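Generate coordinates for the entire structure from the input sequences, incorporating the hints supplied.
Number of protein chains: 2
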Amino acid sequence: MIVTDDRVAPLYLAPLERQLADAGYATTSVVVPGGESSKSLAMFEKLLTAALEAGLDRKSAIVALGGGVVGDLAGFAAAAYMRGIKFVQMPTTILAHDSSVGGKVAVNHPLAKNVIGAFHQPELVLYDLDTLKTLPPREVRAGLAEVIKEGLIWDAEFVSWCEEHIRELLSLDRDALGYALYKGCGIKAEVVSRDERENDLRAILNLGHTIGHALEAVAGYGELLHGEAIAIGMVGAARLGVRLGAPQEVYEVTKRLLVAAGLPTAIPSHYDTDAIMKAMMHDKKFTEGTMLFVVPTAVGKVELNPNVSAAMVREIVDELKREADRL
Amino acid sequence: MIVTDDRVAPLYLAPLERQLADAGYATTSVVVPGGESSKSLAMFEKLLTAALEAGLDRKSAIVALGGGVVGDLAGFAAAAYMRGIKFVQMPTTILAHDSSVGGKVAVNHPLAKNVIGAFHQPELVLYDLDTLKTLPPREVRAGLAEVIKEGLIWDAEFVSWCEEHIRELLSLDRDALGYALYKGCGIKAEVVSRDERENDLRAILNLGHTIGHALEAVAGYGELLHGEAIAIGMVGAARLGVRLGAPQEVYEVTKRLLVAAGLPTAIPSHYDTDAIMKAMMHDKKFTEGTMLFVVPTAVGKVELNPNVSAAMVREIVDELKREADRL
Numbered sequence: 001m002i003v004t005d006d007r008v009a010p011l012y013l014a015p016l017e018r019q020l021a022d023a024g025y026a027t028t029s030v031v032v033p034g035g036e037s038s039k040s041l042a043m044f045e046k047l048l049t050a051a052l053e054a055g056l057d058r059k060s061a062i063v064a065l066g067g068g069v070v071g072d073l074a075g076f077a078a079a080a081y082m083r084g085i086k087f088v089q090m091p092t093t094i095l096a097h098d099s100s101v102g103g104k105v106a107v108n109h110p111l112a113k114n115v116i117g118a119f120h121q122p123e124l125v126l127y128d129l130d131t132l133k134t135l136p137p138r139e140v141r142a143g144l145a146e147v148i149k150e151g152l153i154w155d156a157e158f159v160s161w162c163e164e165h166i167r168e169l170l171s172l173d174r175d176a177l178g179y180a181l182y183k184g185c186g187i188k189a190e191v192v193s194r195d196e197r198e199n200d201l202r203a204i205l206n207l208g209h210t211i212g213h214a215l216e217a218v219a220g221y222g223e224l225l226h227g228e229a230i231a232i233g234m235v236g237a238a239r240l241g242v243r244l245g246a247p248q249e250v251y252e253v254t255k256r257l258l259v260a261a262g263l264p265t266a267i268p269s270h271y272d273t274d275a276i277m278k279a280m281m282h283d284k285k286f287t288e289g290t291m292l293f294v295v296p297t298a299v300g301k302v303e304l305n306p307n308v309s310a311a312m313v314r315e316i317v318d319e320l321k322r323e324a325d326r327l
Numbered sequence: 001m002i003v004t005d006d007r008v009a010p011l012y013l014a015p016l017e018r019q020l021a022d023a024g025y026a027t028t029s030v031v032v033p034g035g036e037s038s039k040s041l042a043m044f045e046k047l048l049t050a051a052l053e054a055g056l057d058r059k060s061a062i063v064a065l066g067g068g069v070v071g072d073l074a075g076f077a078a079a080a081y082m083r084g085i086k087f088v089q090m091p092t093t094i095l096a097h098d099s100s101v102g103g104k105v106a107v108n109h110p111l112a113k114n115v116i117g118a119f120h121q122p123e124l125v126l127y128d129l130d131t132l133k134t135l136p137p138r139e140v141r142a143g144l145a146e147v148i149k150e151g152l153i154w155d156a157e158f159v160s161w162c163e164e165h166i167r168e169l170l171s172l173d174r175d176a177l178g179y180a181l182y183k184g185c186g187i188k189a190e191v192v193s194r195d196e197r198e199n200d201l202r203a204i205l206n207l208g209h210t211i212g213h214a215l216e217a218v219a220g221y222g223e224l225l226h227g228e229a230i231a232i233g234m235v236g237a238a239r240l241g242v243r244l245g246a247p248q249e250v251y252e253v254t255k256r257l258l259v260a261a262g263l264p265t266a267i268p269s270h271y272d273t274d275a276i277m278k279a280m281m282h283d284k285k286f287t288e289g290t291m292l293f294v295v296p297t298a299v300g301k302v303e304l305n306p307n308v309s310a311a312m313v314r315e316i317v318d319e320l321k322r323e324a325d326r327l
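Residue numbers (full-length UniProt numbering), protein chains in the order written: chain P, 1 to 327; chain U, 1 to 327.
There's no promise every hint is true.
As the list claims (entries may be wrong) - Taking CB as the label site, the calculated pair distances span:
1. P:Ala23 / U:Leu172: 58 to 66 Å
2. U:Lys301 / P:Ala54: 34 to 42 Å
3. U:Lys278 / P:Leu201: 51 to 59 Å
4. U:Lys301 / P:Asp57: 27 to 35 Å
5. U:Gly289 / P:Leu124: 45 to 53 Å
6. P:Pro10 / U:Lys301: 56 to 64 Å
Stated by the list, open to error - Over 10 Å on every C-beta distance to chain U, these chain P residues come out as not near it, computed from the model:
7. Ala26
8. Thr28
9. Glu36
10. Glu45
11. Pro137
12. Arg138
13. Ala189
14. Ser193
15. Leu201
16. Glu249
17. Leu327
What the hints assert, rightly or not - When the alpha-carbon atoms are kept at most 16 Å apart in a straight line, the in silico EDC-like pairs for lysine to aspartate or glutamate are as follows:
18. U:Lys59 / P:Glu45
19. U:Lys278 / U:Glu323
20. P:Lys59 / U:Asp318
21. U:Lys59 / P:Glu198
22. U:Lys113 / P:Glu45
23. P:Lys113 / U:Glu53
24. U:Lys46 / P:Glu45
25. U:Lys86 / P:Glu198
Worth flagging that the hints you see were computed from the coordinates, not collected in a lab. Here the structure is a predicted model, which is why all the values come from computation and not from measurement. We put the beta carbon where it would ideally sit given N, CA and C, even for glycine.
Spelled out as structure tokens, the structure:
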């Protein structure tokens, strides 16, 4: 059963159905509306109904053709259908290189995002780079933010490589993009395989996400893409790292690379600091004035610091509002 | 968060809440309507809403206080909430000794039972034998069917023990019942630990269930309890075993023990054979005229036979309709 959305379906559904049919597979397809609102329990139920009506059994597979929303939704359906059937990710965005690896699947509850879900590893992640050609340039840049993040948490060499090849990446050069996505997925898979259920290590994948999520919550709908928000968050985390003793270079390299990628690195000055802090307080990683924060200690290296004070984070937020969006 | 139903709540919810409070736990409780209809996606969503409103986090636990329905429903909520939190089973029926061990949790879809679920092992199964005293005698007998089944698939000595102690078991003698439930849970846990995801071995736990499920589907609501249906199914499986070469003793012991337990061993003669066969065809274990069947080969021993013909099963069904419900 192929699950896709109404943006991706007109572009890639028919060719995929044709190729699977040529290979001898019987398929059925479900097209959901594009966007986060499809990550609902109601849509999850629709997928299960479609699966039952099409007669999927324990040996069937669900294929997610699309971005992160489709992957999360279809993945949770695959996790729950008959207590778990096979699942294949075919990401059509750069951002989904991150979500397609690692097995975190979920839908949203009206009261909170991603709280209904499972850990369900895909059998296969199949990246057809040609599908990325239809991405708007802004989505390309935002997607690269997560690729860059993988370097910043794990691999200084890959950070240098990204800086050297940023033009090729932005122009979707096949070789460069193929290497970067393979590398990014590899780092993600390495971290996840050491800590699938996020007891500790896996949390480093959240570099830039604490501030980033707060910015997304405070921004109007569509104002900041996820990748843009975490780009700003990563600059904040770098600033925090330097404050806590990391070499100044950590901030400089982070900033330079994100600016080169055409990503924002400053909090728009009209955002309210109190609102941002309040949104962060709602984040589950925050308790009583101190915060669990992913903090860079060197380029390509981070630590989980459970004792970052809320006061210091507020200072960083204020600094980010005065930060220039270029070098 | 304690999950229970409106039959169990008046009996045991307050004492449990009190004891947990005394032990220093903050609790919240959800009472669902008793019966299979609570195993729905709508009720699942209600539990998740209650969990979010009560502020459950990743370190919280969900406690299922009740029978199999409550365990399946609460267990799936625990499996999906924040991608899996801790889960404790407190079964209050004998039947739930079976479902509380092994981690199979699920809700129903209008089109099929138990098709939305997960494998989520409980941290703890806590059996308070005192709660069984409030069970109606018919439920006691039906519950013992699954206990007897554990013996028939795995342990001839335990089968003999059950026969010797059947009167104590039926009168809920504390020592006898405690031993039998511990033993039954132990066999179940042993089988499950060797094959959690039902690739092969775990399927032996379905002894009597293929015919049993079909009878449940054909019977009017409430006409046959699950344990009663599988008791009849186990006699059918024993007949099948003898046909396929097992010693006659397999049938005799099975029949004698189930009759001693006051369980039905014959298909009520007004049930339509065609309807029973049709219900079995719908069962996912059936393909093209042959059937995967759990077949006894000796007392306390079964095998998975993938080549049982539908024609032979039909003969067995007809025999069961002529079977006497006593020795």
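Structure-based check of all given hints:
{"no.": "1", "hint": "P:Ala23 / U:Leu172: 58 to 66 Å", "in the structure": "59 Å, holds"}
{"no.": "2", "hint": "U:Lys301 / P:Ala54: 34 to 42 Å", "in the structure": "39 Å, holds"}
{"no.": "3", "hint": "U:Lys278 / P:Leu201: 51 to 59 Å", "in the structure": "53 Å, holds"}
{"no.": "4", "hint": "U:Lys301 / P:Asp57: 27 to 35 Å", "in the structure": "29 Å, holds"}
{"no.": "5", "hint": "U:Gly289 / P:Leu124: 45 to 53 Å", "in the structure": "34 Å, violated"}
{"no.": "6", "hint": "P:Pro10 / U:Lys301: 56 to 64 Å", "in the structure": "58 Å, holds"}
{"no.": "7", "hint": "Ala26", "in the structure": "15 Å, holds"}
{"no.": "8", "hint": "Thr28", "in the structure": "15 Å, holds"}
{"no.": "9", "hint": "Glu36", "in the structure": "18 Å, holds"}
{"no.": "10", "hint": "Glu45", "in the structure": "6 Å, violated"}
{"no.": "11", "hint": "Pro137", "in the structure": "34 Å, holds"}
{"no.": "12", "hint": "Arg138", "in the structure": "30 Å, holds"}
{"no.": "13", "hint": "Ala189", "in the structure": "18 Å, holds"}
{"no.": "14", "hint": "Ser193", "in the structure": "17 Å, holds"}
{"no.": "15", "hint": "Leu201", "in the structure": "16 Å, holds"}
{"no.": "16", "hint": "Glu249", "in the structure": "35 Å, holds"}
{"no.": "17", "hint": "Leu327", "in the structure": "40 Å, holds"}
{"no.": "18", "hint": "U:Lys59 / P:Glu45", "in the structure": "28 Å, violated"}
{"no.": "19", "hint": "U:Lys278 / U:Glu323", "in the structure": "21 Å, violated"}
{"no.": "20", "hint": "P:Lys59 / U:Asp318", "in the structure": "33 Å, violated"}
{"no.": "21", "hint": "U:Lys59 / P:Glu198", "in the structure": "13 Å, holds"}
{"no.": "22", "hint": "U:Lys113 / P:Glu45", "in the structure": "14 Å, holds"}
{"no.": "23", "hint": "P:Lys113 / U:Glu53", "in the structure": "14 Å, holds"}
{"no.": "24", "hint": "U:Lys46 / P:Glu45", "in the structure": "15 Å, holds"}
{"no.": "25", "hint": "U:Lys86 / P:Glu198", "in the structure": "15 Å, holds"}
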